[in-house]
Amino acid sequence: MSKYLLNKFLYTVDRDPELVERYRADPSGTVDWWEREVANTVLNCTAAEKSTWLAFTGDERRALREQDHVALFGMGAHPFLTLTLFIAMFERDHGPLEYQRAYARAMEHIQLPYPDIAT
Amino acid sequence: MATVAAVIASTHHPFYYRASTSTGADRPPFADEWVAKIEAFRATLTRAEPDVLVMVGSDHFHQLWLDNMPQFLVGKAPFFDANWYNEEREFGLPRMRLAGDEELAAYLLREGLDAGFDLAFSNELRIDHSVTCPIITLRPQADLPVVPVYTNIFAPPMPRPERFVALGRALRRMVEAWPSDKRVAIIGTGHLSLELGGPRQFGPHGPDPEFDRKAVAWIANGDVDGCLAEVTLDSLHAPGNATHGFMDFMLMMGAAGNGVKADYTDSLDLFHTMEAYFTWYPEGARS
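So the protein sequences, as listed, match chains A and B. The letter at position 45 of the first sequence is residue 45 when you use the numbering used here, and the numbering goes up by one with no holes. The letter at position 81 of the second sequence is residue 81 when you use the numbering used here, and the numbering goes up by one with no holes.
Don't read these hints as lab results, they were simulated from the structure. Think of the CB as a built atom: it goes at the ideal place given N, C-alpha and C, for glycine as much as any other residue. Errors might be hidden in some of the hints.
Short, incomplete list of chain A residues facing chain B, as computed with Cβ under 7 Å [unchecked claim]:
{"no.": "1", "residue": "Glu21"}
{"no.": "2", "residue": "Ile87"}
{"no.": "3", "residue": "Ala88"}
{"no.": "4", "residue": "Arg101"}
{"no.": "5", "residue": "Tyr114"}
To give a feel for the contact side, a few chain B residues facing chain A, derived at Cβ under 7 Å [to be verified]:
{"no.": "6", "residue": "Asp67"}
{"no.": "7", "residue": "Pro70"}
{"no.": "8", "residue": "Gln71"}
{"no.": "9", "residue": "Gly197"}
{"no.": "10", "residue": "Asn241"}
Pulled out of the complex, with its shape left as it was, chain A reads as follows (with noise of 0.2 Å):
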């Protein structure tokens, strides 16, 4: 498990407006380019300190790659850093409060207590 790296990746997406246009438009080479080029870079150091060992498990990476909310809130990933980049691709498609109501839905089935996101 590594939910840091998947917060990380939510994290550096939701801040760059190109990266969530990318993001919502090619899931999965923008998956595997971040996990190759990006996983590792440790945030406010120049690019050539980086980290060795931040790998996403097979699971986390199919998660991402389906842009599978439910199954990322499964996994312990922060709700809030998904729930904002997911507002952030999606809600334009749909209504007023729509996308978040819908969202919402996707996950009546979970009860208390929720997966644990200290990282």
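Chain A is fixed; fit chain B onto it per the hints.
Frame of chain A, contents of chain B only:
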């Protein structure tokens, strides 16, 4: 010594700016009532005639991130740029720039460290809607210097509720002992019950109206003990998965004082989450 001109606790609703400025068919049916309540709340700060604002809020993964996460942080800078691309995108919030009060920030850092709070600091902090929403609602002219105090209510492990109350008490003591003739308002924003990114989000009310009812009573009555008897890091999961933001209200209850009733209380039941507004006047009620 400085004067605590007001202690103010509020929800910070990022949709207020858009709701209050929209017109015609875009204007939601609840906007007029919301604006009226906000204008009445705003008057409680105006009446206090503050010179400087200590602003307690929480970064929403904008500048503070999991590779380097402070629990409590004071912004010490001459200016704070404010609001981020994703807040502009989702909430329509404007970019802003607020002046800082470096003297008060330096004082709070020194005194806070000496009082047992290992406060982090930032000399270049871009603040987000947890601070700008109360500027928009309470001081839209944005003409007063601020000292942002950020808390971690977002990324576990977090400090326990007792620690938030203790920091609020310490902030109040420190401001009262600040060798200055300025009038300081201590303003903090958090949430009542709130769910983000889970099955209970964006319902017709907040996810737990019963929690909200109790929370408003705790705050309005200054019932710190009653609140602490029920609220723990674990218990806050039940009312909604983002309800840890209530700990910023608990910080403000610490700043207001144990058993001290709010001089002004109001609330507004909206979809998704309940709004709540509280003002205390430590000098006595102002007319």
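Hint check results:
| no. | hint | verdict |
| --- | --- | --- |
| 1 | Glu21 | violated (12 Å) |
| 2 | Ile87 | holds (6 Å) |
| 3 | Ala88 | holds (6 Å) |
| 4 | Arg101 | holds (5 Å) |
| 5 | Tyr114 | holds (6 Å) |
| 6 | Asp67 | holds (6 Å) |
| 7 | Pro70 | violated (14 Å) |
| 8 | Gln71 | violated (14 Å) |
| 9 | Gly197 | holds (3 Å) |
| 10 | Asn241 | holds (6 Å) |
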